[in-house]
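Enquirer: Going down the list, the protein sequences come from chains X and L. The opening position of the first sequence corresponds to residue 1 in our numbering, with each subsequent residue numbered one higher. The opening position of the second sequence corresponds to residue 1 in our numbering, with each subsequent residue numbered one higher.
Since the hints were derived computationally from the structure, they do not count as laboratory data. For every residue, glycine included, the Cβ atom is placed at its ideal position computed from N, Cα and C. Some hints could be false.
[What the hints assert, rightly or not] Just so you have them, the derived chain L footprint on chain X, three or more residues with Cβ under 8 angstroms:
(1) 268 to 282
(2) 458 to 470
(3) 552 to 561
[As the list claims (entries may be wrong)] Computed far set for chain X versus chain L, every beta-carbon distance over 10 angstroms:
(4) Arg-82
(5) Ala-171
(6) Leu-179
(7) Ile-191
(8) Ser-235
(9) Phe-243
(10) Ala-245
(11) Leu-249
(12) Ile-395
(13) Lys-409
(14) Pro-420
(15) Leu-497
(16) Ala-502
(17) Val-527
(18) Arg-610
(19) Lys-701
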Amino acid sequence: MKTETFRYDNRIVRAFAIATMVWGIVGMSAGLLAAVQLFWPEANLSLQFVTFGRLRPLHTNAVIFAFVGNGMFMGVYYSLQRLCKARMFSDALSWINFWGWNAIIVAAALTLPLGFTTSKEYAELEWPIDLAITLIWVAFAVNLFGTIAKRREKHLYVAIWFYIATAVTVAVLHIVNSLEVPAGAFKSYSIYAGVQDALVQWWYGHNAVAFFLTTPFLGLMYYFLPKAANRPVFSYRLSIIHFWALIFLYIWAGPHHLLYTALPDWAQSLGMVFSVMLVAPSWGGMLNGLLTLRGAWDKVRQDPVLKFMVVAVTAYGMATLEGPMLSIKSVNSLSHYTDWTIAHVHTGALGWNGFIIFSMLYWLVPRLWRTPLYSLKLANWHFWLGLLGIMFYAIPMYWAGVTQGLMWKQFTPDGFLQYPNFLETVMQIVPMYRLRAIGGTLFLVGTIVGVYNLVRTMRSGVFEPDTEAQAVVQAEASGAAEHGHRWIESKPALFTLLATVAILIGGAVEIIPMFLIRSNVPTISSVKPYTPLEVLGRDLYIREGCVGCHSQMIRPFRSETERYGEYSKSGEYVFDHPFLWGSKRTGPDLQREGGRYPDAWHYNHMEDPRSVSPGSIMPPYPWLYTQTLDTNALPARIAALRKVGVPYPPGFENGEAQKQLAAQAAKIVVNLRVGSITNAAPNAEIIGLIAYLQRLGTDIKSAPAAADAGDGSVPVAALNPNPVR
Amino acid sequence: MIKNVLSDIGGVGLYGVISVCLFFIVFSGALIWTLLQRRTLMNEMGGLPLNDGETPKFNEGESRHE
């Protein structure tokens with residue numbers, strides 16, 4: 001047997017470590033600013049760029065892809081090399097991965113505040129950036145598989161399985177969900193419409209949580225937890241079962257984001273059943289992690305690495321118990337659209353992802369810089385501030401979510417809504433929003449303390465750019481001795497194939513029927529494409545991120561039909577590229593907004609919501625009154641919409657569209673004059689937005705034929721004509 | 001209503017059945033396969049993170065705080 005000496009690349013790990021620390025602070029600060037705006041709207045400084053609707057995607061992207069993404073790469077690049085006993089396949093690819101990924105994040109930080117967004121959650125970035133993500137992800141995958149191919153360790157440790165599943169699945173998810181037709185440099189329309197778009201989006205959204213925020217970090221847990229505890233994982237067998245059960249269940253669970261919506265029932269039930277089953281492998285994994293520490297709890301009390309890790313794994317267990325619970329339809333009917341969801345995701349984001357990244361940092365930095373941690377005391381401060389931060393974040397949000405959910409559903413003994421005014425239910429929970437901001441502040445301060453501690457540690461040590469290592473070169477021919485799992489596990493190509501098949505089957509069975517079977521979306525003959533002015537208005541709704549606070553999906557409960565009007569039908573969304581159902585109701589649902597108020601009401605409300613709704617926390621939109629509608633973009637947008645399937649007549653965009661637009665705008669200006677608004681400019685952006693708001697949900701009201709829409713809907717005449725709000 | 005959307009899709013209940021069966025097959029497969037593995041091999045596999053081949057450093061003891 002021959003021994004080989006080689007070097008692990010630590011520079012790339014250092015780069016990702018620094019990036020995750022920097023972006024962590026940026027992303028959390030953005031979140032804190034957004035949180036403050038929810039009780040103090042002026043905190044947007046009247047800047048359109050950081051108003052809530054644009055800031056929220058900036059926060060989620062910065063935290064998920066910048067903070068957690070760089071943290072993931074940091075851990076993967078460190079552990080993969082050591083588990084493979086090989087340097088990364090290509091240093092060049094490593095650096096392309098690093099600089100490319102971080103350039104994408106900078107691009108996101110520039111474009112999202114400017115309002116360039118697809119509006120699809122966690123996939124907001126516009127098409128040029130989507131392309132870049134694909135390329136960089138491929139670079140990462142090639143580097144990953146290349147390293148696995150040239151490894152000196154015959155066996156593939158379970159962590160690497162998780163990495164492989166991540167690389168493959170994220171690629172599939174990203175590509176399928178980002179299929180869009182460009183309508184300009186930073187504008188595109190999803191090729192899917194309405195229900196289909198929603199299903200694809202939440203298949204993506206859910207699995208982004210699964211395969212970006214969970215599987216890679218489970219791999220990292222299976223590496224760093226044994227490392228830090230200096231003992232092997234409790235049960236290696238359990239880790240294998242954990243892996244297979246997890247990836248195969250996760251992929252089906254997406255529809256649990258769409259319970260009680262216009263999504264077909266079978267897809268909803270599928271999502272619910274698989275989500276509930278998910279609790280088993282998740283808890284298997286958590287217990288496997290915690291039991292690894294049996295007999296080492298004295299260490300946990302002292303070592304910040306283990307402390308953070310234990311909380312992370314516990315938070316994983318809590319979030320994965322809560323998730324399946326929230327997927328049960330009856331629980332979901334209360335929790336959906338409320339802050340309960342926000343509490344749930346932050347248990348995961350702050351507790352699981354945040355704490356596991358800190359744990360890795362506290363482990364890596366002293367080792368890479370070959371020096372003890374600067375201050376154990378500061379690390380403890382960080383730990384307690386973080387933990388307290390999570391509590392102060394999650395508990396008020398649970399309170400707010402349950403309170404508001406119950407208020408929405410509360411009827412008086414006479415059968416009227418107890419709280420017909422939506423705003424009343426908002427004002428009730430504003431104190432909780434204040435407490436949540438305190439929680440966020442604590443967590444952020446803890447992070448800053450931690451980063452300070454780590455930077456001081458770096459300063460006091462000497463960075464080791466490469467670590468020397470030795471490994472025995474494996475003799476090639478041992479074929480006969482191989483059997484069973486060794487055979488699979490030592491053949492990454494086969495393994496990858498199996499894992500890919502596993503996730504593709506899940507996605508395919510879920511999604512393909514939606515496309516093949518037309519009757520999944522019954523047509524409603526009175527539903528027509530948006531007018532040119534409404535198209536531009538809808539694009540403004542997308543740009544401003546109104547979907548972050550407003551849903552357009554009325555569920556079939558009496559509490560909702562009383563409040564908002566007729567429940568939503570899948571056929572109403574056939575021209576919605578992208579869908580705008582939303583996932584959070586900080587403001588009321590807008591699906592039936594059209595015709596509810598005169599144009600002048602919207603004009604006044606959008607300029608200063610509190611002038612007409614005292615106490616509202618909706619931000620004012622003064623810039624919509626000074627900026628002019630981008631009518632030059634109209635031809636490209638109509639053409640792109642036609643490409644994705646909206647039946648605008650050929651040549652419509654050459655002249656006719658502009659003519660219709662001008663006519664509709666002029667009519668709105670006349671309406672505004674009736675409401676004694678005399679200074680409205682017909683080409684101001686607000687005119688387009690009003691046109692869109694007034695169109696919302698009116699199609700099925702306009703046609704008695706809709707009564708026989710084929711989807712068994714209630715005849716329109718039977719609708720509650722004047723639901724209260 | 002939502003249920004009515006389905007009524008005209010032939011055999012839609014099958015999708016759920018197919019998916020649960022598939023899961024069951026994969027899960028049982030993984031379970032049996034894992035249980036069949038030799039204990040020594042499992043122990044060896046579990047120990048992989050602890051053996052990364054790094055050349056021991058002279059100042060190991062003093063430069064690490066744990």
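Enquirer: For each hint, tell me whether it holds in the structure or not.
Expert: Here's how the hints hold up against the structure:
no., hint, in the structure
1, 268 to 282, "holds (count 6)"
2, 458 to 470, "holds (count 4)"
3, 552 to 561, "violated (count 1)"
4, Arg-82, "violated, 4 angstroms"
5, Ala-171, "holds, 21 angstroms"
6, Leu-179, "holds, 23 angstroms"
7, Ile-191, "holds, 22 angstroms"
8, Ser-235, "violated, 8 angstroms"
9, Phe-243, "violated, 8 angstroms"
10, Ala-245, "violated, 6 angstroms"
11, Leu-249, "violated, 7 angstroms"
12, Ile-395, "holds, 34 angstroms"
13, Lys-409, "holds, 19 angstroms"
14, Pro-420, "holds, 24 angstroms"
15, Leu-497, "holds, 14 angstroms"
16, Ala-502, "violated, 6 angstroms"
17, Val-527, "holds, 15 angstroms"
18, Arg-610, "holds, 37 angstroms"
19, Lys-701, "holds, 17 angstroms"
Comparing the model with each numbered hint stated earlier shows that hints 3, 4, 8, 9, 10, 11 and 16 do not hold.
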